[in-house]
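Once you have looked at the hints, place chains B, C, D and E on chain A.
Chains as they are written, first to last, in our numbering: chain A, 1 to 306; chain B, 1 to 306; chain C, 1 to 306; chain D, 1 to 306; chain E, 1 to 306.
Hints are supplied without guarantee of correctness; some may be wrong.
Since the list can't tell identical chains apart, any single copy or any two copies may satisfy a pair.
The list that follows gives simulated cross-link-like pairs (lysine-lysine, DSS-like), each with its CA atoms no further than 30 Å apart [as the list claims (entries may be wrong)]:
id, residue 1, residue 2
1, LYS257, LYS8
2, LYS218, LYS305
3, LYS267, LYS22
4, LYS59, LYS209
5, LYS287, LYS218
6, LYS257, LYS209
7, LYS218, LYS8
8, LYS115, LYS2
9, LYS257, LYS219
10, LYS59, LYS206
11, LYS225, LYS59
What the hints contain is simulated information worked out from the structure, not anything from laboratory work. Computed from a predicted structure; not experimentally measured.
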Amino acid sequence: MKITRRVKQILSWYEGETPGVKASLARILMHGRLGGTGRLVILPVDQGWEHGPARSFAKNLPAYDPHYHFQLAIDAGLSAYAAPLGFLEAGADTFAGAIPLILKANNSNSLSTTKDQAITASVQDALRLGCSAIGFTIYPGSEYQFEMIEEVREMSLEAKSVGIATVVWSYPRGGTLSKDGETAVDITAYAAQLAAQIGANIIKVKPPKAHIEQPEAKKVYESEKIDLSTLKARIEHVMQSAFAGRRIVVFSGGEAKELDGVYAEIKEIYAGGGSGSIIGRNTFQRKREDALAMLDRVIGIYQGKD
Amino acid sequence: MKITRRVKQILSWYEGETPGVKASLARILMHGRLGGTGRLVILPVDQGWEHGPARSFAKNLPAYDPHYHFQLAIDAGLSAYAAPLGFLEAGADTFAGAIPLILKANNSNSLSTTKDQAITASVQDALRLGCSAIGFTIYPGSEYQFEMIEEVREMSLEAKSVGIATVVWSYPRGGTLSKDGETAVDITAYAAQLAAQIGANIIKVKPPKAHIEQPEAKKVYESEKIDLSTLKARIEHVMQSAFAGRRIVVFSGGEAKELDGVYAEIKEIYAGGGSGSIIGRNTFQRKREDALAMLDRVIGIYQGKD
Amino acid sequence: MKITRRVKQILSWYEGETPGVKASLARILMHGRLGGTGRLVILPVDQGWEHGPARSFAKNLPAYDPHYHFQLAIDAGLSAYAAPLGFLEAGADTFAGAIPLILKANNSNSLSTTKDQAITASVQDALRLGCSAIGFTIYPGSEYQFEMIEEVREMSLEAKSVGIATVVWSYPRGGTLSKDGETAVDITAYAAQLAAQIGANIIKVKPPKAHIEQPEAKKVYESEKIDLSTLKARIEHVMQSAFAGRRIVVFSGGEAKELDGVYAEIKEIYAGGGSGSIIGRNTFQRKREDALAMLDRVIGIYQGKD
Amino acid sequence: MKITRRVKQILSWYEGETPGVKASLARILMHGRLGGTGRLVILPVDQGWEHGPARSFAKNLPAYDPHYHFQLAIDAGLSAYAAPLGFLEAGADTFAGAIPLILKANNSNSLSTTKDQAITASVQDALRLGCSAIGFTIYPGSEYQFEMIEEVREMSLEAKSVGIATVVWSYPRGGTLSKDGETAVDITAYAAQLAAQIGANIIKVKPPKAHIEQPEAKKVYESEKIDLSTLKARIEHVMQSAFAGRRIVVFSGGEAKELDGVYAEIKEIYAGGGSGSIIGRNTFQRKREDALAMLDRVIGIYQGKD
Amino acid sequence: MKITRRVKQILSWYEGETPGVKASLARILMHGRLGGTGRLVILPVDQGWEHGPARSFAKNLPAYDPHYHFQLAIDAGLSAYAAPLGFLEAGADTFAGAIPLILKANNSNSLSTTKDQAITASVQDALRLGCSAIGFTIYPGSEYQFEMIEEVREMSLEAKSVGIATVVWSYPRGGTLSKDGETAVDITAYAAQLAAQIGANIIKVKPPKAHIEQPEAKKVYESEKIDLSTLKARIEHVMQSAFAGRRIVVFSGGEAKELDGVYAEIKEIYAGGGSGSIIGRNTFQRKREDALAMLDRVIGIYQGKD
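Okay, chain A solo, but in the shape it has when bound (with noise of 0.2 Å):
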């Protein structure tokens, strides 16, 4: 398939990147069902990782195998598949060049106390897995949140000296930030401006809440009357945050919920301009026939058909 129009646009806001930075980010863009629209879905799964195997697993008996997940990303036609470094080299043979990969390059587990992950691989680990992206998860509010910032700079500038994209989460918590202010949208779009200024090339965050966090923010709200009514205004302001739109961003399915309510939300993306959603356990924690259908759904509302 050759590289669509609207693939070229985005690739020319990533003017400062190499060619081989670019054709990474091509691969991830052409592929799959949403390939060339400008769109992506994304299926991550460190859940393992992060919350344990049966909370992650036990509902769906096959999730457990590391083949499942990159089975169901190729199956589904999603645009790529991210996880740990040890899901990756369980399938990164059987699956070469199968489907776009990105390694989730540090982690956080539930037995930790602190707002702070662990770097759990390498760019070395990533080349020579074949990925075409690093992960990286940043907790901006955390009293770690420098040090986060500090590691993700170093590795996506060694990343982009070998032609390999990075992507952040921008997960605001921890410091002052009360639990709301988690998914506050002032603080969701401070979140993406974050990652972009850090040099993330695509970005990671939850469907910000009509909720202003910090005092000073809601002030220029209200005073600059800024749409925050629908999460489709929403969406609009955090991809107007993302540099005005020149930058990639995926937002999370939000807390587990009905299939209706997940769809209704990702409406209000793609109506928002948001680029693509990134879903993991609404879809392995169902059945694969199940997660295949409502993946199907999911694309379908990005196709512009539902």
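Only chains B, C, D and E this time, still in chain A's reference frame:
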């Protein structure tokens, strides 16, 4: 345009630097409408990082776009444009060679509860993006000050070894400093001295107020009858504190205020021998035509026309 | 498109390689109109380097432009485009991700009086330009053969360590080889074997003629009654010599000739189980529409339609 | 001065390069009296190395002094000044930032009996001296050609990684080349192509003569009726050979001759679309006021005034 | 199986080596049907490289397939399998851990006119393919001998530093050596001594003939009445020359000959205390069942059953 006698004189003060660093400084000093005068006006845009996107750009929507700021700096005939990694990456190719760039290599954000900054870029980034200088913030007085100073020193050494100049934002805060102390004249002069002592080529401080923070300093200011009565006099004192004027010192626009206040302050900086201004929010939070008009007036002041 | 069973089989032969190298091979094998068939057609354009610009491009003036060849390979639906550093640099950004690239990393020219090649690019170049493979020429028989073999080995090891595949152009010449010996069937089979033994992932040789060069080999060909009567039979023998068909071997178009001769030859390559063709001059020295028509026919042969 | 549309167009041709390399090229293309026109005139002074001091400087005694040449290039409003390490070191501080510098990184001398050059400087030297480019000579045809090509490639990769551009002096000589062959049109076009293929950003060749050296090339020039009747036509052919005009090609002044001959030749270069001239001996072996007058006339030609 | 007293004794001779190198040697000495006896039979397959594919494999078509040789060595119960890079890469994964591997790291071919070899693999390759040893050929007497010796020394040092053993094929040829001299007893003993002196852990030489090549040596052999009357006696002399039997020395099968001759020769090697045999063509150029029968007989001899 040939290098002026004034610029040659300024370069001669940096006698410990290689011709490469001097050439980078010359590029800034010879660029834009103030090129050759020895004065300079820099556009810094790190507010997206420091305060979040809406607080920074909602008042002037086009400013969400990284290209906007490159173009503003170019059209206004400024000396250089300073921004964090992401903002520079997003325009570095389109505007390659169009204006000297300063890569702001550490940054803080309003979600942080510490007086610290994260290192967010490297000398290698500065080289690949074609920057003339790296910029670094230190917080003299903060409990993190020595760590920050060690970081800037290390990166500055590396930058100098490859011909890239060093700009230091020297912002006293934290520790036992009072709020007034952050802009006190003794502290501001001290901040300029510290930046010069760690090898800064260009120093940024805030316009000093008449307040004196440190009792031991107060004794000397009084016994030596140092004139602090006008901003001009205080600017002269700061320049003197920066190696008897042998270092370039630029002053921020201070808190947002009316235009008349801005111009009045800059006239004092000019009269006091300050090297120039570094003006962010006061420009890009206005409409483009207003910002250009304002910068035209500011440049006029430094050209001695006002 | 999902990776086909045939491509998975081919990848399984490269069992000593990392998933990264396999993913790069998969990219080539899954691209273009032959994607998934296990056959491939590559456009190589190193004639500017090898023969000079006028001899290469004067017959079809648009071919002086590096962009022309990227576009030709893309529009013809080829598997990959191979060229020296300069030609790739001149289009790598415009065509980022549009077609798998092979960086031809050593080159000779018609001003040289030796059977040697200069190393003209590096693995680091391949990474920054987003290439899937590096290409290297060896001249078995030449007095420089061991030096060239050592160079390709060293660069190939480095390439493999970062997930980049190795293509070897194995062109016997020099030393005691007769002119006929350069395309003799024993020598061509030997050339394929040598390339495979030094770790080539894709091997390029010339279509072998019935001539046998080495007396010791002649005895075996005769005693074992190896069928050399048709090009098909000789292709089968070459494929066998490439690890019993476990390596991808592509064949050059041979000397410029009429189209009917070209097609007839390619039908024999197809019938003999050759992996594909690598066709340079015969395409870009024709008008674009003629080249596209010719390549359409060639692809048709490899699709089994002709 | 703002970057002109023409210079932006030229920079867009270097699409494989980082913004850093483009900024270095922009510096040269925007400097001096031809700044912004897309044409350039460079002063090269490596004759002290190549021919010895008396042969180089005795005709114009002040030219023994390294400062003389910096000042001449600046006063004439040239685009850049190119010289070996010692000459640049001897003035780099005094003239820091005054004119783009090209560090000639390999050199030969008249005491040598081989067609080779010694590497005499490094990328690190270029950085500490504030150079915009490194320069390198290759001798296509020489028995040392491959070694020289390998050296320039390695250094060029390093230079590009730190934002420094590459200039290649491509001077065919040695091997089987006849004396006439060194400036034959086919060989000159080939020399330009070779330099472009190894990644040169700026190429220097000699103005080509109508002679054709290679028999195989002659056939093509004749069959394709390539116009070689005028120097203008031959310049057009060389530019075409440099990636269809996508590379900057400058021409040496050729053999020392009368001024009228020099001007006539440069008019042809200008008319043929050549990027500019690189003139050494013809300038610094005249009295300063004569050299300035001559360069004024040359610049006038490239400004289209003559 | 527990390490035998005999193998412990042999390992004790390699007292300069790290436990890592000894463990690699132990792996070879404990593997296969001769495991634990201190004797060994190795299958070497580098004929594809040395003589070309048809000469090597046409007599037994399945031998074109790299997997064939791994399987043959395993099924025959041999001690190790030695081959060039490509052959090992093509089966290293399928047969991972199945038999100790020796990576033949330099190779020559029959197209070469020099008595030299190309380095065709590296220690890094040996590590990634899981090899127990690297193999290297030297040609004592050749004009390239010192170069080859330096190469093996360098690579052996690197191999030892990572726990990989070194096997040296010591084949006198070239220089002033007569054809008979290549297998003369003085020269063979000398070849074993040289290999031992450069740090070989396992030495391969040809079975020595009674001829004495060097006049100075002849005097000593005669004066000291060294028994050269039988192959057994000459083998004893070679073992003695290999550090009084403190180094493992294996003997090639010599020129192709009838089976009875092969067995008779091996009985002499066994009787003379030779460590074992390394048999290539004589095995894989027979049908698989014949080769297995032959190897069964050979192993029987080394088990003292024959």
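Hints versus structure:
In this assembly of identical chains, LYS257 and LYS8 lie within 30 Å of each other by CA distance neither inside one copy nor across copies; the values are 35 Å within and 38 Å between. In this homomeric assembly, LYS218 and LYS305 never come within 30 Å of each other (Cα to Cα): the closest approach is 37 Å inside a single copy and 41 Å across copies. In the homo-oligomer, the alpha carbons of LYS267 and LYS22 lie at most 30 Å apart inside one protomer (28 Å), although the nearest pairing across protomers, at 37 Å, exceeds that limit. In this homomeric assembly, LYS59 and LYS209 come within 30 Å of each other (Cα to Cα) both inside a single copy, at 29 Å, and across copies, at 22 Å.
Only between protomers do LYS287 and LYS218 lie at most 30 Å apart by alpha-carbon distance; the minimum there is 22 Å, versus 43 Å within a single protomer. Taking the shortest Cα distances, LYS257 and LYS209 sit within 30 Å of each other inside one copy (16 Å), while across copies they are farther apart (33 Å). Proximity of LYS218 and LYS8 under a CA criterion of 30 Å is satisfied in neither setting, with 37 Å inside one chain copy and 42 Å between copies. For the identical chains of this complex, LYS115 and LYS2 are neighbours neither inside a copy (43 Å) nor across copies (39 Å), given an alpha-carbon limit of 30 Å.
Taking the shortest alpha-carbon separations for LYS257 and LYS219, only the inter-copy value of 17 Å comes in at or below 30 Å, while the best intra-copy value is 33 Å. Within a single copy, LYS59 and LYS206 get their C-alpha atoms as close as 24 Å, and across copies as close as 25 Å, so both meet the 30 Å cut-off. Proximity of LYS225 to LYS59 under the C-alpha cut-off of 30 Å is restricted to the inter-copy arrangement: shortest distance 10 Å between copies versus 45 Å within a copy.
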